[in-house]
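Novice: If you read the sequences in order, they're chains A and B.
FYI, in my numbering the residues of the first sequence are 1 to 263.
FYI, in my numbering the residues of the second sequence are 1 to 269.
Hint data in this document are derived by calculation from the structure and do not stem from the laboratory.
Note that beta-carbon positions come from the ideal geometry of N, C-alpha and C, so glycine has one too.
Heads up, a few of these hints could be off.
Covered stretches of chain B (in silico footprint by chain A; criterion: 3 or more residues with CB under 8 Å from a CB of chain A, positions within the stretch not fixed) [stated by the list, open to error]:
id, region
1, 162-174
2, 177-191
3, 198-209
Here are the simulated PhoX-like cross-link-like pairs (lysine-lysine), alpha carbons at most 25 Å apart as the crow flies [as the list claims (entries may be wrong)]:
id, chain 1, residue 1, chain 2, residue 2
4, A, K87, B, K169
5, A, K177, B, K169
6, B, K182, A, K105
7, B, K47, A, K88
8, A, K87, A, K26
9, B, K169, A, K127
10, B, K169, A, K105
11, A, K129, B, K171
12, A, K70, A, K241
13, A, K88, B, K169
14, B, K171, A, K94
15, A, K36, A, K11
16, B, K171, A, K127
17, A, K105, B, K171
18, A, K177, B, K171
19, B, K47, B, K35
20, A, K105, A, K36
21, A, K206, A, K138
22, B, K169, B, K182
23, B, K169, A, K94
24, A, K11, A, K80
25, B, K171, A, K87
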Amino acid sequence: MAKNNLVMELKDFSFTYAGAEKASLKKINLPIEENKITAMIGPSGCGKSTLLRAMNRIHDLYPGNTYEGKINLYRADGSKQNILELKKENDFIKLRQEVGMIFQKPTPFPMSIFDNVAYGLRLSGIKNKTELQDRVEKALKGAAIWDETKDRLNESALGMSGGQQQRLCIARAVALKPRVLLFDEPTSALDPISTGAIEELIAEIKSEVSVVIVTHNMQQASRLSDYTAFMYLGDLAEFDKTDTIFLNPKEKLTEDYITGRFG
Amino acid sequence: MNRLLLNKIILLLSTLSAVIGIGFLFWILATLSYKGITSIHWTTFTKDLVEGGIRNLLVGQFTMALMATVVAVPVGMMAGIYLREYGHGSKLASIIRNLSDVMMSAPSIVIGVFVFALLVDPFNGYNGWAGVVALAIMMIPIIISTTDNMLALVPTELREAGMALGGSKHKIILQIVVRAAKVGITTGVLLSFARIIGETAPLLFTSANNQFFTMDLTEQFPSLTVSIYNLATYPDEASRELAWAASFILTAIVLCINLVGRFVIRNKK
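All chains, full assembly: derive it from the sequences and hints.
Specialist: In structure tokens form, the structure reads like this:
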């Protein structure tokens, strides 16, 4: 596997929740390739969401968790940073602008559609009105939701359908031009048609941003992703190209899970 | 015993209890409306207490309640935000939350006595500010509790989504979380306003009463509720009629505020 075009890399990464005795994630080694979609699958409680939430340190909203090992973020200029070393709020803010996140349930803010997309941009310091309008329009077009929203940008985002809300959230994240977007089961609260639209969107945005997606849906992982990580009980059981994982897994465990023998 | 029969007896008893309860309520409202409406004249609203009207009382009561709201809303909201967003799970927060709940059920006369010792006795006399403070003290725990509860209803994902876009904690709280809880908090403020606008005990020996029109909060301050208390004890018919009129108007005001509060909830949810 080519090592030179990584955007993130986890090295011997372990994670323990505050107050827990045992580590929830044990010595994970996982490369995230640039402009590819990496899927994380595995049965409930295997730690895939926990892993995802470490990659933008959103865990740090709740104090007392323990990280070990390294998570390197490689920037476009070639520099790298171990994000586990970050301590100050400003550094976290910068990290989260580079590594965005989409949640299971759509999370529109209680404000207009325009302001939802502009929110992150304003936080990042953009004040110029025309630039804001430009970036919002671009982001909404990028999330394939411009046609549905261009006449109602000033209406509340809470009036949109669930699928639209989720695409708005993706637009909101894409607007910041992050290096990586983390998706935490982004379609499990949506109907099949909206799910299709979101999947199409994710496949499209990968030319601009690297994607890591946690999913319960194995078909989704096989349809969408270039690489698949299969996790089991806090371990990374197998990681490879998606085709290999689904057609020719090395581990018996992976095969059993993929063929539906457990999980 | 026959289960069907038992069912019917229980049904009968609970219906009867409901009818008795509601009956008394309507009796009160009917008496109040009848006596109140027949006692209201045009001059009731245009003249001050000294001339047999309640103009100064209405203005005084609202002034004190509004000033109390201006004091209590920021304090109560910030305390509620602390409890839910910053001190969540800490010992200090749970102590404050418990104390605030105790304060909410503190007898209002006790609050009146406290403020009397604090702001009336040392300043040689009843004054409007003391009334404002007493009402604010009544209001703060209600607003703390409402803010706390309404913020608890905002899904965690919304906070995380804000953080994931690069927001700092205080910005997310003020710009997103509080906004998401806005309707609930506004309703809470309205209902607590309705609660304090009808209070007598905290005002009895803080702001006391004033027969004349004044907007000077350092003087004794006109109060509708205290006037009702006074007027009802006077022997002359005119005073008692005015007490009925004032009671009816106060009830109507409280009812209106409550209805507006409910209307806001229903339309926003």
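Novice: The structure should be examined with respect to each hint, and the outcome stated for every one.
Specialist: Against the structure, the hints:
| no. | hint | result |
| --- | --- | --- |
| 1 | 162-174 | holds (count 9) |
| 2 | 177-191 | holds (count 3) |
| 3 | 198-209 | violated (count 0) |
| 4 | K87/A - K169/B | holds, 15 Å |
| 5 | K177/A - K169/B | holds, 22 Å |
| 6 | K182/B - K105/A | holds, 21 Å |
| 7 | K47/B - K88/A | violated, 64 Å |
| 8 | K87/A - K26/A | holds, 23 Å |
| 9 | K169/B - K127/A | holds, 20 Å |
| 10 | K169/B - K105/A | holds, 21 Å |
| 11 | K129/A - K171/B | holds, 21 Å |
| 12 | K70/A - K241/A | holds, 23 Å |
| 13 | K88/A - K169/B | holds, 12 Å |
| 14 | K171/B - K94/A | holds, 15 Å |
| 15 | K36/A - K11/A | holds, 19 Å |
| 16 | K171/B - K127/A | holds, 16 Å |
| 17 | K105/A - K171/B | holds, 22 Å |
| 18 | K177/A - K171/B | holds, 21 Å |
| 19 | K47/B - K35/B | holds, 20 Å |
| 20 | K105/A - K36/A | holds, 24 Å |
| 21 | K206/A - K138/A | holds, 16 Å |
| 22 | K169/B - K182/B | holds, 18 Å |
| 23 | K169/B - K94/A | holds, 14 Å |
| 24 | K11/A - K80/A | holds, 13 Å |
| 25 | K171/B - K87/A | holds, 19 Å |
This entry does not satisfy hints 3 and 7, going by the numbered hints stated previously.
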